[in-house]
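Peer 1: The listed protein sequences derive, respectively, from chains A and B.
In terms of the numbering used here, the first sequence is residues 29 to 297.
In terms of the numbering used here, the second sequence is residues 734 to 831.
These are calculated hints, taken from the structure and not from any lab test.
Do not take every clue at face value.
[Claimed, not checked] Covered stretches of chain A (in silico footprint by chain B; criterion: 3 or more residues with CB under 8 angstroms from a CB of chain B, positions within the stretch not fixed): (1) 59-65; (2) 202-215.
[Said to hold, decoys possible] Facing chain A, a subset of chain B residues (Cβ under 8 angstroms, in silico): (3) V778; (4) E779; (5) S780; (6) L786; (7) E788; (8) G792; (9) E796; (10) S805.
Cβ coordinates follow ideal geometry from the N, Cα and C atoms, glycine included.
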Amino acid sequence: MPVESIAGVRLHVQSLGRPHRGTVVLVHGMTTSLASFYFTIAPTLAVDHRVIMYDLRGHGRSEATRSGYGIGAMAGDLAAIVDRHAPSGPLAIVGHSFGAAVGLRYVLDHPGRVRKLVFAEGPLPVFVEDEDEDGALAEVDAEMVVANILAVQEHAVAHLPTATREVLRGTGRRTQRVRSRTSVLMKETALLADLAQDQDIPDAEIARCDCPVLLCYGTRTLPAMEATRKRLSAVLPKATMRMFDCGHLMLNEVPALLATEIVAFLRDG
Amino acid sequence: MSTLEESKAAILVDITAMIEEVIGEDWVRETPITMETSFVTDLEVESIELVALSEKIQGRYGEAVDFPSWLSGMELEEIIALTVGQLVDYIARCQSSR
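Use the sequences and the hints to build the structure in full.
Peer 2: Shown next, in the form of structure tokens:
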């Protein structure tokens, strides 16, 4: 740590805490980084757990490889992180947004390995046009993905206080850097093609999820997240649901409440 | 200058060097960093840079200074308003309570 070569990719990894109650691996969403956990829920989880966070490939300080951005490949990176940093012992996974879908993919690929999964504000399929639910897999294209990401970001900050929103939207160095990285991901990697290949997991497969799942969603989230929440609560065999008074950015909006719910969920059973 | 003020001045020197290293761009070395400098509005730091700063703080001051926990206790608006001085004061408090 912090930047290490894992399965041939240079990934930025950070950890907090000690493993009294096992290890929790946190998987962030698209166009963000492990920082979305590091200063929000991770310190609380680290009181009782060893918390491992990493930047997805192409994000934060991790390498932007040419390809490997679909849910399946990303779950492969997660598997390599687990093999390296938590090869045995109790393991829980917490994923936010796209990271939640990656976490679920990992659980399904490794039956019996994960004790608990937290699926926070995740979309599944990852990109879908709200009005057109048919043929979504074939419809994924650059414009749609960029439009989706912008819509999620805009929706996520829309209800925040004006001053906060203006700082987050910004036009300065921070915003420019985020935009430039997003642009590299969209234009210089195979992210779009990779996602078009495997952006969903069939219901029949989701139904085989063998661990308890805590579904966490905001009351002011986007329609695509809302649809996923309903779908997963119907299909997952062991799901518990918690709603929070927030939008998609629940890690920033309600970190203390979310951390408390996750700690309780990890402790039970 | 009291001992506490001396200690804060020394911490500010340390933190300034860490910020310059983490941001790693020429302009930051030419920008005076004071107790009033804001991380978000003046320095425009990215959150991933704050993670790197956190690593450096832990390397320099050890576990007595828990930067991630301290920041996680703040509201979004407080983080946006966070100044270098608040961090210096926090580190000085951690050191004096050891």
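Peer 1: Hint by hint, say whether it matches the structure.
Peer 2: Quick rundown of the hints versus the structure:
Using a Cβ-Cβ cut-off of 8 angstroms, 4 residues of the segment 59-65 of chain A lie near chain B, which meets the minimum of three, so the contact claim holds. Under a criterion of three residues with beta carbons nearer than 8 angstroms to beta carbons of chain B, the stated coverage of the segment 202-215 of chain A is upheld, 3 such residues being counted. Hint status for V778/B: holds, given a least beta-carbon distance of 7 angstroms to chain A, under 8 angstroms. Against a cut-off of 8 angstroms between C-beta atoms, the interface hint on E779/B holds, since the closest Cβ of chain A lies about 5 angstroms away.
Taking 8 angstroms as the C-beta contact cut-off toward chain A, the hint placing S780/B at the interface holds, the least distance being around 4 angstroms. This hint is violated: L786/B has a C-beta 11 angstroms from the nearest C-beta of chain A, more than the 8 angstroms allowed. Given hint, E788/B at the interface with chain A, holds; its Cβ is 7 angstroms from that chain's nearest Cβ, closer than 8 angstroms. Violation of the interface hint for G792/B is found here, the shortest Cβ-Cβ separation to chain A being roughly 11 angstroms, above the 8 angstroms cut-off.
Look at E796/B: its Cβ only gets to about 11 angstroms from chain A, farther than 8 angstroms, so that hint breaks. At its closest, the beta carbon of S805/B sits 4 angstroms from a beta carbon of chain A; the interface hint therefore holds under the 8 angstroms criterion.
Against the hints set out earlier in the document, violations occur for numbers 6, 8, 9.
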